[in-house]
Amino acid sequence: MKAHTEYLTMHLPTKAGFVNITPQVREVLRQSGVQEGLCLVNAMHITASVFINDDESGLHHDFGQWLEKLAPFNPDPNFYHHNRTGEDNADAHLKRQVMGREVVVAITKGKLDFGPWEQIFYGEFDGQRAKRVLVKIIGE
Amino acid sequence: MKAHTEYLTMHLPTKAGFVNITPQVREVLRQSGVQEGLCLVNAMHITASVFINDDESGLHHDFGQWLEKLAPFNPDPNFYHHNRTGEDNADAHLKRQVMGREVVVAITKGKLDFGPWEQIFYGEFDGQRAKRVLVKIIGE
Amino acid sequence: MKAHTEYLTMHLPTKAGFVNITPQVREVLRQSGVQEGLCLVNAMHITASVFINDDESGLHHDFGQWLEKLAPFNPDPNFYHHNRTGEDNADAHLKRQVMGREVVVAITKGKLDFGPWEQIFYGEFDGQRAKRVLVKIIGE
Chain A
2 MKAHTEYLTM HLPTKAGFVN ITPQVREVLR QSGVQEGLCL VNAMHITASV FINDDESGLH
62 HDFGQWLEKL APFNPDPNFY HHNRTGEDNA DAHLKRQVMG REVVVAITKG KLDFGPWEQI
122 FYGEFDGQRA KRVLVKIIGE
Chain L
2 MKAHTEYLTM HLPTKAGFVN ITPQVREVLR QSGVQEGLCL VNAMHITASV FINDDESGLH
62 HDFGQWLEKL APFNPDPNFY HHNRTGEDNA DAHLKRQVMG REVVVAITKG KLDFGPWEQI
122 FYGEFDGQRA KRVLVKIIGE
Chain P
2 MKAHTEYLTM HLPTKAGFVN ITPQVREVLR QSGVQEGLCL VNAMHITASV FINDDESGLH
62 HDFGQWLEKL APFNPDPNFY HHNRTGEDNA DAHLKRQVMG REVVVAITKG KLDFGPWEQI
122 FYGEFDGQRA KRVLVKIIGE
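Protein chains in written order, with this note's numbering: chain A, 2 to 141; chain L, 2 to 141; chain P, 2 to 141.
Next comes chain A alone, as it looks inside the complex (with noise of 0.2 Å):
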């Protein structure tokens, strides 16, 4: 069994945010040489998420709308008492709920075996710092 990990280091200027990062990950599959397996791909941070849908940027519009209705950005400490902490960023928690820490993706014949409008994303909902993604490979 062969083992590889990487670590992607993601910095966006803004508070929120959705950046497609199947290539790094497709470049990562192909150096680790492995050609049936698991591919583990997770945000190392707890106001960010790792989840697979749609590149359109129209939807990803839509996630931002849907996800500030459920769960509001509210600084406020008694709306929040995560933010008694000294934090704004409670919301931030939340939404990282909902969208996922973590996808895993089936390895077949070297690639990784997506559907046709799989793509891997990054999602920040606390950002303007630098936050790693993690990706581990196993498999032969």
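Bear in mind the hints are in silico, worked out from the structure with no lab data behind them. Certain hints may be false.
To be verified - Derived PhoX-like pairs (lysine-lysine); straight-line CA-CA distance at most 25 Å: (1) P:Lys3 / L:Lys110; (2) A:Lys3 / A:Lys70; (3) A:Lys3 / P:Lys112; (4) P:Lys110 / L:Lys3; (5) P:Lys112 / P:Lys3.
What the hints assert, rightly or not - Have a look at the derived ranges for each label pair, beta carbon to beta carbon: (6) P:Glu28 / A:Arg27: 47 to 53 Å; (7) A:Thr10 / L:Glu69: 36 to 42 Å; (8) A:Pro78 / L:Ser58: 42 to 48 Å; (9) L:Glu28 / A:Arg31: 32 to 38 Å; (10) L:Gln36 / A:Gly111: 21 to 27 Å; (11) P:Glu141 / L:Asn75: 17 to 23 Å; (12) L:His12 / P:Pro117: 41 to 47 Å; (13) A:Thr86 / L:Glu28: 48 to 54 Å; (14) A:Arg31 / P:Gln66: 43 to 49 Å; (15) L:Gly34 / A:Arg31: 25 to 31 Å; (16) P:Asp56 / L:Arg31: 37 to 43 Å; (17) L:Tyr8 / A:His62: 28 to 34 Å; (18) L:Glu28 / A:Gln129: 47 to 53 Å; (19) P:Phe80 / A:Arg27: 30 to 36 Å.
Only a predicted model underlies this, so the values are computations on that prediction, with no experimental measurement involved. In this text, a Cβ means the ideal position worked out from N, Cα and C, and glycines have one as well.
Use these hints to put chains L and P onto chain A, whose structure you have.
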């Protein structure tokens, strides 16, 4: 390490619905001969989910109502910008995020290592066409 | 390839709550002797979650309030059809979907390969009884 890959085809006659695919996944596991390992099951389309919950029709009704409240169908391209592409399925992309893309199930002594009520479901949110589900098993 | 399986038993005295199970998972990893691989941790019950987020009591309060707003407790079988079975825990099945069933964690150099704040939690939404969590480790 063994690796085994199968693709299930789902074709729901309705826009939305839930299908218990546990028997098909068990059959793939049997064919793989894997005794100890991991089984990934994921939707290969981005308006569908694979998740684990209860095989109870009342609950499935509740999932449908609840998802409609969290992420209502609305073809208006001013409500969901994704629908400016000519699609009307933005809500299905959001619903899929709540229910999830994939499950990873432990394989122990040749069986899906499940709790008493765990069953694997395919969740369709934009049906009436063929879609695929990937089952990837690795182990020994 | 090595495989190692452990079952943790959780028994919360309250209906709902969050328990940091990172120490137990670390101990299972130590016993496995795996240096490179993947660690799956999942709830074996469908009204509970395993997820990764912050070990901060204010945030856990916020999770509780937020989930109650997204999927309120309501024993009325006209509100949740699942409760026509005689159960009153439909809301717990929904809450578990938001928080997720499982996490997959990379194992690198014999450690859980975590970012600075990542901790593994058991989330209970219908407690006061014993439930199990599965820890499955594969690797070398």
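These are the hints, each one checked on the structure:
1. P:Lys3 / L:Lys110: holds (13 Å)
2. A:Lys3 / A:Lys70: violated (43 Å)
3. A:Lys3 / P:Lys112: holds (17 Å)
4. P:Lys110 / L:Lys3: Roughly 23 Å between the alpha carbons, so the hint for lysine 110 (chain P) and lysine 3 (chain L) holds.
5. P:Lys112 / P:Lys3: holds (16 Å)
6. P:Glu28 / A:Arg27: 47 to 53 Å: violated (36 Å)
7. A:Thr10 / L:Glu69: 36 to 42 Å: Once the Cβ atoms are compared, 39 Å apart, the range 36 to 42 Å for glutamate 69 (chain L) and threonine 10 (chain A) holds.
8. A:Pro78 / L:Ser58: 42 to 48 Å: holds (43 Å)
9. L:Glu28 / A:Arg31: 32 to 38 Å: The hint (32 to 38 Å, Cβ to Cβ) holds, given that glutamate 28 (chain L) and arginine 31 (chain A) are roughly 33 Å apart.
10. L:Gln36 / A:Gly111: 21 to 27 Å: holds (26 Å)
11. P:Glu141 / L:Asn75: 17 to 23 Å: 50 Å Cβ-Cβ, so the 17 to 23 Å window is violated.
12. L:His12 / P:Pro117: 41 to 47 Å: holds (46 Å)
13. A:Thr86 / L:Glu28: 48 to 54 Å: holds (50 Å)
14. A:Arg31 / P:Gln66: 43 to 49 Å: Cβ of arginine 31 (chain A) to Cβ of glutamine 66 (chain P): about 45 Å, so the range 43 to 49 Å holds.
15. L:Gly34 / A:Arg31: 25 to 31 Å: holds (30 Å)
16. P:Asp56 / L:Arg31: 37 to 43 Å: holds (41 Å)
17. L:Tyr8 / A:His62: 28 to 34 Å: holds (32 Å)
18. L:Glu28 / A:Gln129: 47 to 53 Å: holds (49 Å)
19. P:Phe80 / A:Arg27: 30 to 36 Å: Given range 30 to 36 Å: violated, Cβ gap about 46 Å.
Consistency with the previously given hints fails for numbers 2, 6, 11 and 19, ordered from lowest to highest.
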